[in-house]
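Chains as they are written, first to last, in the working numbering: chain A, 1 to 200; chain B, 1 to 539; chain C, 1 to 265.
None of these hints come from the bench; they were simulated from the model. Computed from a predicted model, the values in this text were never measured in an experiment. It is possible that part of the hints are untrue.
Here are the computed lysine-lysine pairs in the DSS-like style, where the Cα-Cα straight-line distance is at most 27 angstroms [as the list claims (entries may be wrong)]: (1) K423/B with K68/C; (2) K45/C with K72/C; (3) K225/C with K31/C; (4) K262/C with K191/C; (5) K22/B with K496/B; (6) K496/B with K225/C; (7) K72/C with K495/B; (8) K72/C with K4/C; (9) K191/C with K225/C; (10) K193/B with K528/B; (11) K191/C with K51/A; (12) K22/B with K493/B; (13) K22/B with K495/B; (14) K68/C with K4/C; (15) K423/B with K72/C; (16) K495/B with K73/C; (17) K225/C with K45/C; (18) K191/C with K496/B; (19) K225/C with K262/C; (20) K423/B with K495/B; (21) K423/B with K73/C; (22) K45/C with K31/C; (23) K496/B with K423/B; (24) K528/B with K186/B.
Computed list of chain B residues with no C-beta within reach of chain C, every gap over 10 angstroms [claimed, not checked]: (25) W20; (26) S255; (27) L300; (28) G435; (29) W445; (30) P482; (31) I491; (32) P525.
Covered stretches of chain C (in silico footprint by chain B; criterion: 3 or more residues with CB under 8 angstroms from a CB of chain B, positions within the stretch not fixed) [to be verified]: (33) 77-85; (34) 202-210.
Built from N, CA and C at the ideal position, the CB exists for glycine as well.
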Amino acid sequence: MTSLDTSKELNKKDKGIEEGHEDFRLFGLITFLIADGMTFAGFFAAYLTYKAVNPLPDGAIYELELPIPTLNTILLLISSATFHKASKSLLNKKNNDSQRWLLFTALLGIIFLVCQLFEYFNLPFSLTDNLFASTFYALTGFHGLHVTLGTLMILIISWQVRSNGGRLSHLNMFPLEAVELYWHFVDGIWVILFIILYLL
Amino acid sequence: MTISIEPENKKQESIQPKGWLKYFSFSLDHKVIGIQYLICGFVFYLVGGTLASAIRIELASPMSDFMPRDVYNQVLTLHGTIMIFLWIVPVVNGAFGNYLIPFYVGARDMAFPRLNAVAFWLIPPSGLMLIFSYFIDGAAQAGWTAYPPLSITTPQSGQIIWILSVLLLGGSSIFGGINFIATILKLRRPGLKLMQLPMYCWAMLGTSILVVLSTPVLAGTLILLSFDIVANTGFFNPVLGGNVVVYQHLFWFYSHPAVYIMVLPAFGLVSEILPIHCRKPLFGYSTMVFSIMGIVVLGLVVWAHHMFTSGTPPWMRLFFTIATAFIAVPTGIKFFNWVATMWGGRISINSAILFSCGFIINFVFGGITGVALAQVPFDIHVHDTYFVVAHFHYIVYGGSVFVIFSSIYHWFPKVTGKLLNEKLGILHFVITFVGFNLCFAPQHWLGLNGMPRRVAEYDPQFQFVNQISSVGALLMAISTIPFLVNIFISIAKGKKAGDNPWNALTPEWLTSSPPPVENWEGEAPLVKEPYGYGESITN
Amino acid sequence: MLNKNLNLIIVVFTIIGLSFWIGLNINLLPKEASINAPIYDELFKILFIIGLILFIGMTLIVIYSLFKFRRKKGQLGDGIALEGNLSLEILWTVIPSVVVLLVGLYSYNIYDRMGGMKELNHNHHMIDNNSEKIWAGISQKSNTQLSTNNVNIEVSAMQFAFLFNYPDGDFISGELHVPVDEEISIKMESKDVIHAFWVPEFRIKQDIIPGQPTILNFTPTRVGKYPIICAELCGPYHGGMRASIIVEELSDYEQWFNKNRKTEV
Ligand code: HEA
Ligand code: HEA
Ligand code: CUA
Ligand SMILES: [Cu+2]
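Input sequences plus hints: build the corresponding full structure.
Here it is in structure tokens:
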């Protein structure tokens, strides 16, 4: 048993709360996500300022094609729902269903990334062309990094919920809940990003 | 209820080295981590102070003769960065926060002990990396603010290493902040209400909120800056159509809150020290709490006062003037309450109280020059001059560093079980106080009369005043000697302190000194009135 | 009781009197050589006096408490168990708020008189095309008020020098010559990194930002030679990046100007 668990054990005893009490690990994660969100907020602020005050050189393109990102938005929104299904299933002790939903979510994440790469390769500008291009790549790239990490974590937990011998069960939901929260967060950021970058 | 410690945990403890060695190895105990932060920070303080001495030696003569000009810029960049990110921030937050917060909330450790250890162990390597960048291709030389385009055009390796190490240190500080918030809000002993917590908890809560909200923005900014340096993007590079002022906004969005990250915990520490040695309750507890939160909120919306000459539009300058000046109100509340805490007390005159009072005097001075700087028309003349240098050393040295010393005198018996020598302590105080004022007070005049900051050479008419300042710096360097002697002698053969030499009521004193591994042998005490000192007037 | 209050009043008035005396008699600033300077010094005096009152007051209270309430030999026991006082809290919230607010309004007034509140964006007569944008600066007059017969100078800053271009005479100088008591308008641009244009005797400073031209308008009032100092870290020789501004009588200035001009009238 790790000392982290020990001290949690002790704290549970301290508080006199039985199993299933409010878990502060999730609280820690939320704090972290707020911090992560602030990084994005900084990028967004920079982007909006550039857009407001820095004229682009003549001929710079910053009209973006909409189909792929729209598809990506839909993919991510669906993936949030499927993840939710996965955690519902696990709560109902249906580990196999849960695993299936998780894999489906991960698949959506991967498709998202592929689409994103496809978009990158077909864009008429590259990273260093102009301010808009650089900010575009910085924002979507940073978000893509989050999706990549999330997908990896989903794959890991989908392995761990396997019905025989997995570490996760309805009694130990925390890792799944944590990744779910993270995934919703990444989705939310994408929606903001989509609105600011593609629609505005 | 007694708490059984798991056998696994015992084993975990037994592989830990005993004695002083444990402070140099990986540990999950919040007390050990706290001391690690302190020792590590102090070593970097000596490095930063040595660099400061080099600056003052160079400035003792108007010519650039002690070191080459670009080395001077590296030295001042390293000095600023080390002092802020490796000394003040880790010590007032990491060191004292880790040591004290679990005691104050009645817990046996921080909420996330492993994350806590990771946060600490990020610091020494990034610090060493920063220092060793000097030997590669020269350290960063664009100042601790790293304004582009200068930071893009100076030698790259130094600047990149600087960015990397500040990113790691920022990460460390975010992990620490998350841990503190979770510990204070979620790990409180049952029955302990928020408004019964010692003031330092509130200060750390406010600070951690600032850390969590603002440090990530710095991280993002530095990532963009590093792209500009290595990938040839143009975020902040005007040649490629970028905007240098955007960098300044993003940088100060972090770095103004950072100044409160450096000083709010110090405020909290003073609030713990004063009542104990004055034998009076902390005056105006709830207003103190509100003023901390007021500083947090205001602190997030004043950043552009560093950019009054950077081509910001008039309405923006005006808004930031008013917002900045209003920080004087919540800060003032704290100072008046401390003075009221002293008023009518039974003050033991010792090193801890002297450093705290020195802090009050110095900080009020630095705060007042700060409010002057907040006025746009005033700032336009003195921006980027020695007046600003004087302002912030009055606050960071006269404020935070004085409080760190005060806290060391105060909590030394807790950590070691030994008493420090008071005579040496008072000698330390006197030399520091005199040296400090001699060093930085004359710099106000220099700035007003035309000496810009960050220069290795200056107009000869300023030589005399600069020399006074250098003598002051020399005194400050000397003042470290009685302090270090005191620490080492007292650890070796100081008088036994007993568990509670100050008769204090705050929870950390209600256990043995030094405390056992899990903080209390039995159950954690429930302290509802951490400041219940004093005799009511009726008896 | 009365005696105690009397003492307090005496102390307060001594502090205030002393602060006024120091504030009005000790001059910490260099010579005044532009219209802005006396306005600035007025603000400085007020801030200095308020600051001194607060600082001397706080310091005396701290030292007095340390002395008066120190634990004497053999004394046992605690101080009084006083946890707070609402009316005191309100008092020391309201007074600083009022002080800060008044100071803010006053410095707004000063800033306006210095010309900081003027919109400087478009249509400056030195801007050739409308798409060029002036980012900020200080000017006693707004763009529309600026008459074309000002002395117009373009400053370009680079590592590590200032160059002064006189477009009306089509020549470039390493020293800035200006006539006294005339309104001068300078447009500043940087060739590489950020620099700043600072003349301590004029109490004005403006960053010179690459890619974002800035404007600075001022009126010198005293003949003489003053330093122009770069006040933004711009590289190793930042400390050596200086120039001089020479303020001279109009006739002297015209003589100098005519000697250097390339274009004929
Ligand atoms: C711990 C660090 C710390 C703290 C707490 C502060 C606190 C304050 N600072 Fe400072 N500051 C710095 C560190 C700090 N500063 C640094 C490092 C820089 C330079 C950065 C760089 O460029 O490298 C800087 C620069 C700086 C500038 C920019 C100057 C320039 O570059 O041109 C300004 C301008 O507004 C400013 C203002 C203030 C104000 C108004 C406060 C206020 O919070 C102070 C409030 C306190 C008081 C006022 C005293 C107590 C109050 C009373 C006794 C009540 C009564 C008072 C009144 C009614 C006035 N600071
Ligand atoms: C945050 C904390 C902090 C602290 C504690 C200090 C402490 C000191 N600072 Fe620092 N300083 C900054 C933060 C700090 N500074 C920052 C942020 C800048 C701006 C950088 C920039 O512009 O980018 C700055 C800039 C700065 C300058 C301006 C440089 C310039 O603009 O050109 C000067 C000049 O005097 C200075 C001096 C000092 C001195 C003399 C001390 C002294 O108090 C130090 C005293 C301590 C010691 C001397 C340690 C004792 C050491 C030993 C015992 C070892 C052996 C000693 C010797 C070899 C002598 N500092
Ligand atoms: Cu140009 Cu400093
Ligand atoms: Cu600030």
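Each hint tested on the structure:
Restraint check for K423/B and K68/C: the C-alpha separation of about 21 angstroms stays at or below 27 angstroms, so the hint holds. Taking the CA atoms of K45/C and K72/C, the gap is about 42 angstroms. The hint is violated against a cut of 27 angstroms. Note on K225/C and K31/C: the hinted pairing holds, with a Cα-Cα distance of about 11 angstroms set against a maximum of 27 angstroms. Between K262/C and K191/C the CA atoms are separated by roughly 24 angstroms; this keeps the pair inside 27 angstroms, and the hint holds.
With a C-alpha separation of about 22 angstroms, the suggested pairing of K22/B with K496/B holds against the 27 angstroms cut-off. A C-alpha spacing of about 68 angstroms is found between K496/B and K225/C, which places the hinted pair above 27 angstroms, so the restraint is violated. This hinted pair checks out: K72/C and K495/B have alpha carbons roughly 22 angstroms apart, not beyond 27 angstroms. A threshold of 27 angstroms between alpha carbons decides the hint, and for K72/C with K4/C the separation of about 23 angstroms falls inside it, so the pair holds.
Taking the CA atoms of K191/C and K225/C, the gap is near 26 angstroms; set against the 27 angstroms cutoff, the hint holds. Between K193/B and K528/B the alpha-carbon distance is near 8 angstroms, which keeps this suggested pair within the 27 angstroms criterion. Of the supplied pair hints, the one linking K191/C and K51/A holds, its CA atoms being roughly 24 angstroms apart against a limit of 27 angstroms. As the CA atoms of K22/B and K493/B are separated by approximately 20 angstroms, the hinted pair is consistent with the 27 angstroms bound.
Pair hint K22/B plus K495/B holds up; C-alpha atoms about 23 angstroms apart against a cutoff of 27 angstroms. With a C-alpha separation of about 15 angstroms, the suggested pair K68/C and K4/C falls inside the 27 angstroms cut-off, and the hint holds. Restraint check for K423/B and K72/C: satisfied, since their Cα atoms lie roughly 17 angstroms apart, inside the 27 angstroms limit. A threshold of 27 angstroms between alpha carbons decides the hint, and for K495/B with K73/C the separation of about 20 angstroms falls inside it, so the pair holds.
Using a Cα cut-off of 27 angstroms, the hinted pair K225/C and K45/C holds, with the two alpha carbons roughly 26 angstroms apart. With a C-alpha separation of about 66 angstroms, the suggested pairing of K191/C with K496/B is violated against the 27 angstroms cut-off. Straight-line distance between C-alpha atoms of K225/C and K262/C comes to about 25 angstroms, which keeps the hinted pair within the 27 angstroms bound. With a C-alpha separation of about 14 angstroms, the suggested pairing of K423/B with K495/B holds against the 27 angstroms cut-off.
For a cut-off of 27 angstroms, the pair hint linking K423/B to K73/C stands: about 17 angstroms separates their Cα positions. Under the criterion of a C-alpha separation no larger than 27 angstroms, the hint pairing K45/C with K31/C is consistent with the structure, at around 15 angstroms. Of the pairs offered as hints, the one joining K496/B and K423/B holds, with about 17 angstroms between alpha carbons and a cut-off of 27 angstroms not exceeded. Between K528/B and K186/B, the direct Cα distance comes to roughly 17 angstroms. Compliance with the 27 angstroms bound is thereby established for this hinted pair.
Listed as a non-interface residue, W20/B keeps its Cβ farther than 10 angstroms from every Cβ of chain C; the least gap is roughly 35 angstroms. Every Cβ of chain C is farther than 10 angstroms from the Cβ of S255/B; the closest lies at roughly 15 angstroms, confirming the non-interface assignment. For L300/B, the condition that its CB be more than 10 angstroms from all CB atoms of chain C holds, with the nearest at approximately 18 angstroms. The claim that G435/B is not at the interface with chain C holds, since no C-beta of that chain comes within 10 angstroms of its own (minimum 18 angstroms).
A beta-carbon of chain C is positioned within 10 angstroms of the beta-carbon of W445/B; the least distance is around 6 angstroms. Distance to chain C confirms P482/B as a non-interface residue, since its nearest Cβ pair spans about 21 angstroms, more than 10 angstroms. At roughly 27 angstroms, the least C-beta separation between I491/B and chain C is larger than 10 angstroms, which holds for a residue marked as non-interface. With a least CB separation of 20 angstroms from chain C, P525/B remains clear of the 10 angstroms interface cut-off, as annotated.
Residues of the region 77-85 of chain C with a Cβ under 8 angstroms from some Cβ of chain B number 9, which satisfies the need for three, so the listed coverage holds. Counting residues of the region 202-210 of chain C whose CB falls under 8 angstroms from any CB of chain B gives 7; the rule of at least 3 is met.
The structure does not agree with the numbered hints 2, 6, 18 and 29 stated previously, though it agrees with the rest.
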